[in-house]
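Protein chains: 2
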Amino acid sequence: MQFELTTSFIDQLRDDISERNDAVIKAQLHELYPADIAHIINQLNIAEAGYLYELTDDDIAADVLLELDEETRENLLATFSTKEIAEQLDNMDSDDAADVINELPQEIQDEVLSQIEDIEQAGDIAELLNYEEGTAGSLMAKELVSVYAFESVNACIDEIRRQAEDVEVMYAVYVVDQNEKLIGMLSLKKLIVSHPLAKVSEIYEADVQYVKTSTTSEEVAEIMQKYDLVVLPVVDQLGRLVGRITIDDVVDVIRETADENIQRMSGISDDVDSNDKLWRLSRARIPWLLVGMCGGIIGSRIISTYETQLQMHPEMAFFIPLIGAMGGNVGVQSSAIIVQGLANNSVISDKIAPKLFKELGVGMINGFICSTIICLYSLVIEDWKLATTVSVALFTVILCASFLGTFVPLTLNRFKINPALATGPFVTTLNDIIGISIYFLVGRILYIFL
Amino acid sequence: MQFELTTSFIDQLRDDISERNDAVIKAQLHELYPADIAHIINQLNIAEAGYLYELTDDDIAADVLLELDEETRENLLATFSTKEIAEQLDNMDSDDAADVINELPQEIQDEVLSQIEDIEQAGDIAELLNYEEGTAGSLMAKELVSVYAFESVNACIDEIRRQAEDVEVMYAVYVVDQNEKLIGMLSLKKLIVSHPLAKVSEIYEADVQYVKTSTTSEEVAEIMQKYDLVVLPVVDQLGRLVGRITIDDVVDVIRETADENIQRMSGISDDVDSNDKLWRLSRARIPWLLVGMCGGIIGSRIISTYETQLQMHPEMAFFIPLIGAMGGNVGVQSSAIIVQGLANNSVISDKIAPKLFKELGVGMINGFICSTIICLYSLVIEDWKLATTVSVALFTVILCASFLGTFVPLTLNRFKINPALATGPFVTTLNDIIGISIYFLVGRILYIFL
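Protein chains in written order, with the working numbering: chain E, 65 to 514; chain X, 65 to 514.
What the hints contain is simulated information worked out from the structure, not anything from laboratory work. Wrong hints could be hidden among the right ones.
Since the list gives no way to pick out one identical chain from another, each pair is judged satisfied if it fits inside one copy or across any two copies.
Claimed, not checked - Simulated pairs of lysine-lysine, PhoX-like, Cα-Cα distance not exceeding 25 Å:
hint	residue 1	residue 2
1	480	90
2	290	90
3	422	90
4	422	341
What you are looking at is a predicted structure, and each value in this text was computed from that prediction instead of being measured.
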């Protein structure tokens, strides 16, 4: 049922485009949903993309535009006149139109806005452009149906009829007082099952969740998830209803936040994807690599202070990778659990101590298991001095890594820094350095005293 | 606006519970949403939890139960009689009730089911229990409103009135033929704005997205995200309408999938969170630690073959951590980009070669930058032989790691194994071993020939 994009489909389409088989292409496009057409266009070069977009049905062209990758959309719109862009914006919800305008070069934004035929739509978009990115104001759409509490069910239905064309998806009607302040809501179901002459004031639900325009996107996502909401009204500083946020926008926020966390954890410092240009991909990765390099250089300085010892006991070098790797692995495991707990709010952030003790407990158990195994192994392969050094160092490193893996993200979170940052190269690098220090220190003590 | 749980709130509540201040507690609970009450109960011990649950308003008790952590719910239900459990299930949507029954011990499931008073609800739950976990069948609820195409709008509204009590949230009415086969849908908005005497057949939308009961949860989530759907009908093998999936369940799937990917990437092999018991947390982490240990041991074997060389040139050991860490970091960066692309379908999985070349390009750029820096550094601090060894080895390791970080997840994905598995300890361990091998091999060659 779902459309599956394959290389052979794209190749065939490319051939059709170069042979100008318009009828064939149109028939194919007609079968597809906007998201699928966008997915196809993302794979084409700009000339092919423009050609295909021209052949798309007018009534879904705006939706296709919205579903494109940002880069593809940017390139495609660069080939449009401001008039053509304005026409597409007229067919979008106000929030989507504002997002698209925001992506356009600064110098043509005003021109595009002035060319939008529907004055109300243009005004809505202009208003939405004022809200800061990452706030409820920037997520919301202006299209909604609101009614006064003194109106009847019949009047509501008339209002819905009037606005039906603008408001594509509708789940509820909002109830406001004379000052346009939000006082409640009315589900469409309730509207349908109520008597036509009933007053809104008698049947509306006063207990309604809402956010302010300044609420952050993350908080909006959290509220909608937590309370299982499909639509959330947005009010201004005075409590007046100014917009609504729908779940599909929030699903995008949730996915983007998850993606961002994975990137932070992997040491990628910018929001990139595999279709981005080479230099952008390189640039996003080099900062954490350089941090890792610094860590490696510090590690080399530490080891160099043990140069004579290494000459006498070169076998000390054998377990350097093991100690480094285990410190890194344990640290990442610990911090992943904490970062996730913070993201899901299952960790109360002002309760650090119990988490630390628990992580240290886990570290003790796993440290004991691992160091016992390595002790037995090196007793057989090497000598008892090295065996003692490696196992004592490994146990200490695992404990340290558990501690840091818990402590660092919790502390970052306290200072309002994204804790996911700590789960990647930062914890790994820190644990590498600490691990090596512990290992050689333990080695020196044992080799001197034993 | 949103309730914020603090340690002091919990402490105060605990005091109130121990002093049996029922009136105070009830007043507080009355102010809160089910999700918030559940969040509070999760923090309490079982005696306190049971006490608080007893004081919760009857009409939201079932919702609170649903929002609890699985472990807390399990413990709480263990203190209930089968009759009490059945009462709560009667107040839930069929899909949620089925999920709760599934968590109960096998031996009491039938008894609980037989004690549910509403026969229809019991039948629905029993049917849902048959579907395999992770399929659309297990996600769907039975509560929906369906109408025949020959009915009128008025008849639809009567049908909605009749079913209104059972179906808590309603966005659309489904249209079926005489054989109960799904043929289309009708949004509530359309229903409201249409003439009461209009026939359903004249106004319904025939182009409706649906899934089969056997469709996987991931595919359901993908479809609902891609096509911005709030509700998705589910049909059986014969195309008959059997249920519907709502977006809130899918939001949970999306979040769980993201969490699971982060855990796989971090080397945690089981679905755990920070509230789980110590031994469960330890057990979930030990497998990948042991894999890391094996990697470390292999590394030690490799280095041991260069023992005499290390004795002559102990400075070779200085850069072991750097080489290992950089291999790991680059590998994780590369695979994170690919895993993410696969998850978001922006990577067409049958097109491996272009991705590999691009990653190698990124590896070349970043490898060149990093190895130039380390070359200059070690020329100043050490000698030119070591400088050459380290920089040549680092460049090669970064290229290798880029290659493996791309190749491994794409290959796993081809064999239908979760590619996120590759982004964690697996890639790191592999790169560690390969990095060390390259480093010492380059070192031996250079020290012999230069």
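These are the hints, each one checked on the structure:
Within a single copy, residue 480 and residue 90 get their C-alpha atoms no closer than 51 Å, and across copies no closer than 34 Å, so neither meets the 25 Å cut-off. For the homomeric pair residue 290 and residue 90, the shortest alpha-carbon distance between copies (22 Å) is at most 25 Å, but the shortest distance inside one copy (43 Å) is not. Within a single copy, residue 422 and residue 90 get their C-alpha atoms no closer than 61 Å, and across copies no closer than 33 Å, so neither meets the 25 Å cut-off. Taking the closest pair of Cα atoms, residue 422 and residue 341 come within 25 Å of each other only across two copies (9 Å); inside a single copy the shortest separation is 44 Å, beyond that limit.
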